[in-house]
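K.L.:
Sequence:
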Amino acid sequence: MTEFSDSAQTMSLVAFTAIATITLLLCVMTGPDRDDLNEFYTGYRSLSPLRNGLAVAGDYISAATVLGTGGVIALCGYDGVVLALSTALSLMLLMFLLAEPLRNAGRFTMGDALARRMPGRAVRITACAVTLAALLPMMLVQLAGTGQLLAFILGFSGASVKTGCVVCMGVLMISYAAIGGMKGTALIQMMKIVMLLGSGAAIAALVLHRFDWNPGTLFDAAAEGSGVGDAFLRSGLEFAGGPYPRVDMITAQLSVVLGGACLPHITMRMYTASSARQVRRSMSWAVSAVALFVLVMTVVGFGATALVGRVVIARADPQGNTAYLLGSRAAFGNGVSTGEALLFTAVTTAIFLTVLASVAGMILACANSLAHDVFAARATKTAPHREMLLARLSALAVGAPTILLATQVQHRSLQPLVTLSFCLGASALAPALVYSLFWRRYTRTGLLATLIGGTVSVLVLMPGTNLVSGSAVSAFPEADFNWFPFTTTGIVTVPLGFALGWLGTVASGRHKADEQRRHYEAVEGRILAGAVRGEK
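Terminal number for the sequence shown in our numbering: 816, no gaps in between.
You may find that some hints are simply not true.
[What the hints assert, rightly or not] The following label-pair restraints were derived from C-beta to C-beta distances:
no. : residue 1 : residue 2 : range
1   : D760      : T497      : 40 to 50 Å
2   : L808      : S328      : 45 to 55 Å
3   : L305      : V786      : 50 to 60 Å
4   : A485      : E795      : 55 to 65 Å
5   : F718      : R790      : 15 to 25 Å
6   : A409      : R797      : 54 to 64 Å
7   : M372      : V803      : 45 to 55 Å
8   : P399      : A511      : 30 to 40 Å
9   : S564      : L412      : 41 to 51 Å
10  : W493      : N614      : 14 to 24 Å
If you're looking for bench data, these hints aren't it; they were derived computationally from the structure. Keep in mind the model is a prediction, meaning the values are calculated, not measured. Every residue gets a Cβ at the ideal spot worked out from N, C-alpha and C, and that includes glycine.
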């Protein structure tokens, strides 16, 4: 069940080549003019709510979500389902709390939203630095996992071939971001989410058909195939090895819920909506798409455990990253018809496109921030065509080192990098956005304290977690410098991020706080209701 036929591998390779060619052509055709910043950064805000919502969902469901969360579901059962639900809850948090104010306060980047009340290069440069720190680990995960994924699907094992796959994929992703801009990457995200949902729903239906359309029977079979019995259907399996499993689980979910909603490649999609009403409708479509995919992942993950077995899944990949593919293959049974082979090819192509689209969106967010917040936000106004050139060069400047780093870390566990991104989003970006958008007295000192303090605290604590060392599945299993008793840093760094923002504001003095309050009141109507633009 863990081996794929030669015909399936050939069809997958042909499909990968075709999809890469088609998506690159789409980016060239939809690419912006050389001096049109609005088209490059926002696509003229011309996407309909449905298309923009699909693009948001496409950005949000990364390869780490499909493969990583799918693996946790297959290996840990109930805990994996809770993790998947947390990702959907995170997007709902963005929809109800931050989406409209972000769209009203920002223009192109996170730096625009934060500098609305507190202009200055220090705020923009710090926002850019945190954007890079939060997205670089996630990009490494997507790229480094590419070689392993293609090796698993196509059946090769040479290290040099895997490295070649990483480099080729990286070059493609840089091209998407630099050539297509926001509109081009949005088209790729839409293609990806439609293929992912369509193929996944078909596989989930096949899995349920194998168990007479009875979810209870599927869950019982998964518990039996897990080797741990009913513990598979109860909380605590994922964090059972830690000293405080319950607290560890809550902390992990907190980091996902707060961090996922605030990562810059997600928030930049808020600026592509033409009005507050449009952003609400876009987020409704996005949440619906993500919730549907959570159901698909749950069924396919449990199906993988029931049909293949937890031991086989862990043997193929200790993190379970191949569980989604194994569950898809096992759904067909022993004999695979031509139609089923085509469906499996659609699944592998959707995952391939997921990797391409995810990293392209992240590179674009980093490039936009570098070009707009660092290079263009100077005393002398930068010409539009020059800023466009800077943005495209920034995509190369971000992508090239990412490819190099990905080739170096591809043979290690990548879970710490995923966790690092979510913790940075939850500990630095979430407090900064909440305070900036809703607290009248918040000052520049408080904002810088939040961004810098939250980021530094995560970077200091993360190396001490058991994801980095101290266990057989950590990034450095041969070492043991594990001193922090939790898997994620959120239990300390999330409250600390909010506390530092408050302390920085208090330390600024009453005069600065009152000045910020007056400035906030001047822009409050625009931030909270888009009043300046006269929107409903």
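K.L.:
Would you mind marking each hint as holding or not holding in the structure?
P.N.:
Results of checking the hints against the structure:
{"no.": "1", "hint": "D760 x T497: 40 to 50 Å", "verdict": "holds, 43 Å"}
{"no.": "2", "hint": "L808 x S328: 45 to 55 Å", "verdict": "violated, 25 Å"}
{"no.": "3", "hint": "L305 x V786: 50 to 60 Å", "verdict": "holds, 55 Å"}
{"no.": "4", "hint": "A485 x E795: 55 to 65 Å", "verdict": "holds, 60 Å"}
{"no.": "5", "hint": "F718 x R790: 15 to 25 Å", "verdict": "holds, 20 Å"}
{"no.": "6", "hint": "A409 x R797: 54 to 64 Å", "verdict": "violated, 27 Å"}
{"no.": "7", "hint": "M372 x V803: 45 to 55 Å", "verdict": "violated, 26 Å"}
{"no.": "8", "hint": "P399 x A511: 30 to 40 Å", "verdict": "violated, 55 Å"}
{"no.": "9", "hint": "S564 x L412: 41 to 51 Å", "verdict": "violated, 31 Å"}
{"no.": "10", "hint": "W493 x N614: 14 to 24 Å", "verdict": "holds, 21 Å"}
Of the numbered hints stated above, those contradicted by the structure are hints 2, 6, 7, 8, 9, listed in ascending order.
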